[in-house]
Amino acid sequence: IMCASAKYNTRGPALIPRMKTKHRIYYITLFSIVLLGLIATGMFQFWPHSIESSSDWTVEKRSVHDVPVVKLPADSPIPERGDLSCRMHTCFDVYRCGFNPKNKIKVYIYSLKKYVDEYGTLVSNTISREYNELLTAISDSEFYTDDVNRACLFVPSIDVLNQNALRIKETAQALAQLSRWDRGTNHLLFNMLPGGPPDYNTALDVPRDRALLAGGGFSTWTYRQGYDVSIPVYSPLSGEVDLPERGPGPRRYFILSSQMALHPEYHLELEALQAENGESVLILDKCTNLSEGVPAVRKRCYKNQVFDYPQVLQESTFCVVLRGARLGQAVLSDVLQAGCVPVIIADSYILPFSEVLDWKRASVVIPEEKMPEMYSILQSIPQRQIEEMQRQARWFWEAYFRSMKAIALATLQIINDRIYPYAAISYEEWNDPPAVKWSSVSNPLFLPLIPPQSQGFTAVVLTYDRVESLFRVITEVSKVPSLSKLLVVWNNQNKNPPEDSLWPKIRVPLKVVRTAENKLSNRFFPYDEIETEAVLAIDDDIIMLTSDELQFGYEVWREFPDRLVGYPGRLHLWDHEMNKWKYESEWTNEVSMVLTGAAFYHKYFNYLYTYKMPGDIKNWVDAHMNCEDIAMNFLVANVTGKSVIKVTPRKKFKCPECTAIDGLSLDQTHMVERSECINKFASVFGTMPLKVVEHRADPVLYKDDFPEKLKSFPNIGSL
Amino acid sequence: MQTRKKYIFLTFLASWLLLFLFGGDQLRRFAFFSGRRAEARRSWPRWTDRSLLKSFATPEELQRDGDPSLPSPRERRAARLSAHRSSRCRMETCFDLSRCERHGFKVFTYPQERGQPVSETYGKILRSIERSRYHTPRPEEACLFVLGIDTLDRDRLSGHYVRNVDEKIRGFPLWNGGRNHLIFNLYSGTWPGYGGELGFDVGHAMLAKASFDSRSFRPGFDVSIPLFPKEHPQRGGDRGWLHQHSVPPKKKYLLVFKGKRYLTGIGSGTRNALHHIHNGKDIVSLTTCKHGKDWEKHKDTRCDKDNVDYERFDYQELLHNSTFCIVPRGRRLGSFRFLEALQAACIPVLLSDGWELPFAEAIDWGKAAVVGSERLLLQIPSAVRCIHPERVLAFQQQTQFLWDAYFSSVDKIVHTTLEIIKDRLSPHRSRSRFLWNALPGGLLVLPDFSTHLGDFPFYYLQHGYSPSKKFTAFIRAVSQAGSLSQPILRLIQAVSGSQYCAQIVVLWSCEKPPPPSGKWPQSSVPLTIIQGRRKLSERFFPFGAIQTDAVLSLDEDTSLSTSEVDFAFSVWRSFPERIVGFPTQSHFWDAERGRWGSTSKWTNELSIVLTAAAFYHRYYHSLFTEYLPAGLRELVDGLAACEDILMNVLVAAVTKLPPIKVTQRKQHKEGVAQRAEAGGTDGSRRSSQRQDCLTQLADWFGYMPLVSSRLRLDPVLFKDQVSVLRKKYPSLEK
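In the order they appear, the protein sequences are chains A and B.
Going by UniProt numbering, the first sequence opens with residue 1, and the numbers climb by one from there.
Going by UniProt numbering, the second sequence opens with residue 1, and the numbers climb by one from there.
No lab work stands behind these hints: they were computed from the structure.
This structure is a prediction, so every number in the text was calculated from the model and none was measured.
Take the hints with a grain of salt, since some may be wrong.
[As the list claims (entries may be wrong)] Straight-line alpha carbon distances no greater than 25 Å define the calculated DSS-like cross-link-like pairs of lysine-lysine that follow:
id	chain 1	residue 1	chain 2	residue 2
1	A	K642	B	K469
2	A	K651	B	K251
3	B	K367	A	K485
4	B	K252	A	K711
5	B	K719	A	K703
6	B	K251	A	K511
7	A	K612	B	K367
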């Protein structure tokens, strides 16, 4: 029975058939009743409430047309005009942002309302597609808060992207009645098309008092530097047309102008350029006789030739972006998307995000007066730079132009950087395209300094139990004049280090650090006891280096403080048969690594090794008890982009590769292991950072016919 | 059993139903729905009809915002030029670009008026301009004008205040409403408001002014300069105080301030609050009210205690031993302590709201200073504590770089001002922000040479470029014989044997014309002959014929083998910003005679690599010819064997690093030594001229830029006991 019941239990569905028919009907009825009850409850609980509290939470099924209507009385207050002298410290209430560990501002969005005037006429379109996308992006971002009391920045849902689509006075009144308006303090408005005929102001004409303006088309006279944010004019083509990135290089045309309805005077100037330089200049205009159904905005014509827009932009190296009635032009976005280098001819225009973007790397700005010289100016730009500008242009579009989300987030980040300047995003993060970020190095010790000789170096000896050999190393190293301290890292937990009285008596302080675990990475720990910049890592069996050699090594390190400076050199090679990296310890003409059994380096790299080693390399090394030196070589080369310096001639090191046991077979497996390390590290780093060089450093007079006693480092290279 | 199950089941269902009927609402609010609810409430609604929303502008509106009825661009520009008030000046409205077209960027300084001596500081500024390569004595050539009247101190209560400036200026025929003029100013306004007023009408002149308020600053037109003391050196300048990269980059104190406390008046808001952050441990913020004549009149309860504390700490000691230094506003926005902190590698924490930071048009201060807000003083301690040590290390280094590149002397401050203005004149030939903020700094990078980073020797690593794989051999021939000597033939042969040699350029600096092309040896690489003008400095002229980044500079009598050239080139590719070469010299301070000396005797050190056989980047030709003032080149032309010292000094001043010596074959070394000895009296004259040269160069630069090295680079297996067959450069050992 036990077995049977167990069987039944495992076969669940058999439960009902097992019952009697009478019971079955009973159960089914009961279930139906319960189910109906549940549905009814659900309807009762959820449905009516969702209508009641629609503005509250279940808004997913709502239309823009259902938003509440607000009537603005004719005499409701109008904000002051924008104050040109506003700066963050005068018009912005920074206390609202507070100090927070994340260094992120909190942004609140007012809920959407429909504004009508006294007669019930709409003040503006409720919301445009783009502004809705922008607000959605903000609300999905880390900056967003729904708590109006915690907000630092307020974004009205009143859409002012296009000044022509709104009524100025009434919009201003609508702004003024926002619940936290307070003269517009900490309010941010987004506007892309400012001004209107006839004088086309370069900033939004809606009176807005102290509100910040993210505007597309500022001139230097309306832009309040450090307060407003200059943004692009979004081009809806960005979302509609997919232009695959084209590799940089020369294109069919040199200069292209694609804007329609240019001022005739500009047109004449462009035509003059074309007359002078022929086919390499292409000036497109609107098409006059297009067949019906073809959208005019997607075509451009030159004489009878018809071109697809914006695809044609990819055919040119440079694309002209001339000012129209407004300074900001949507064509800039199309041009960048096409990877065409924009030639911006709009005096006094504040380029989008100019506070953080370095436009000199992605565009050419030419004063209007110099338009006739445009061709020669552009020709003077080196080809390699043009290619970089093409890449840069495309990258700017991808990062900051391609969607309303990109525009919104860049704007908020700029404001965030002003409020938390010590946590601001750096120039490189804003401007370097991912490819450059990958291939470039930023050396953490970039300032060229030759450290003072007087501070000396700290020798760090990693030891396990070879006390005798250790004492010899200590005695030898202590003879080096620039040694300032000796640190013994005692890696044996089972045995105590020898008593104080047994240690060799030396002229500098000697400290013993006991470790908690026998790990190789203990050698590279940034011990507080290391008070000098220079560290000499030395194994407890390296007794063959002379005092002159060590002192000279230190002097070389002083000239190259950001490199590994060491004695035994090694090389990595690409094994074409196996298609992978190979470790080489033979007598080669090149080096790419130095063993840390005897090497000088900056203490900073101890920090990097201990806290910033990529991937699992550190644990991997500790687990395998091997390759800590290769890991260090990778780390330093990767962060500095520089080669190691091998010093002094090759010596017979007492088999530095094999730690304790001798034998050929071990040597072989050792080499295989070391090769594996290189391959493993190269894959973790995602690149091969090691640099191969053909030189080593010797004293100036090494092996010269010169009296030995007059040489600073005579005892070099003795075996 | 069955019925019991049934009842349990029923009870369960019933209670479930009840729970839902009565408690459902609460349940929904607090239990597992709450998360979703908060989520839903938070975000901006997803409108059902969002895809139907209209675009903010029609495509037509976006693509055709032209209006032909508008005034023509030309008219608009003309109107702009005439109508603009000086307070809204921009380059395109108030500056006459056409003046700079014919002669380029030239600066004219007005002669000083008799009986109207200028202050020491203004004298230095004028001298700096006169020392720059942009100076012209002819006003008709000038693009920029600088007044001879001292306008530095415009505080009416000051002794240096010059009266009736307006009248004087109006008398200048060149004034032209201030157009194309640059006015320097350090102190503006006076007690009690210390506003920006200068006490005369600057018209359309540009201002290079300290303590600029961002609201009166005309962006892209004015230049904000730092406040510097009257002892600030004319040239050279002291080095920064950071001599080593200590890690962790912590010093004894975290944050310090020591200075005046204002009890009343402008700036007192901040200065009066600074003592609040003092904790006596790692934050030391000391203020005193003991300043001015009648301090006791305004004295408050803190004063006496403060004054006692104040005396306990030494300002210099704090500066040396702190990681961060508070740089608050004084009565004016800028203060001396800004440059002091910068030099001391004490990261400035700025508390000066609205201060347009010095050279902010070029310098990215976010990399070297913490720009705080006066209103958030109390957050400063926690904010700086949160800055990661790695960033602190980077900050410290950047302060030193900026100090040394733009601020350490009056020359640098003035030249930076001029370069910023020059960059505006042709935006397409100007420095990107990156160039200003990376070593070696904007002054040493000439946009006229190239605007592409890869063409300079400094940025290979930052941008993932690599130096060129070929070099140009550049041989200077000076021998008086009309025919080709044996050494030069051998040299051409050795050099052209290198697989890395792209071309050979011969600079023919002899009286007699060069032999016809048929007489030159046939080689696999192209050979170009340039007819020289027989000036010593000419060897570093940026000849267009040099097509590669790497230049191997040679004298006609240099003897080198192909493998020496190959090895040296491989070394240069590792150090493209330095001079890499064979024969060397070292400099030393001759204390007895109180001047610099140099020796070519075999020493354990080196600081000069002779350009008779050296690799370097061709950009140094441009720096030598375009960056150095003409006077230095004339000096070099007049002295024997000075041009290569100047080149070494220049490269050392740019890189702050020693040159690199590579190993040379023994017989070649002996050749050099013999020639040096053979000189005899001629040799001693040369050597004394070299001393003169070094001393004069050190004087011009204001310090001795040369740096010594104690190493030489050899091939990896050089003189090792292995088979010659294994060695790549065996012939170097002969």
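Hint check:
| no. | hint | verdict |
| --- | --- | --- |
| 1 | A:K642 with B:K469 | 18 Å, holds |
| 2 | A:K651 with B:K251 | 41 Å, violated |
| 3 | B:K367 with A:K485 | 35 Å, violated |
| 4 | B:K252 with A:K711 | 41 Å, violated |
| 5 | B:K719 with A:K703 | 8 Å, holds |
| 6 | B:K251 with A:K511 | 23 Å, holds |
| 7 | A:K612 with B:K367 | 22 Å, holds |
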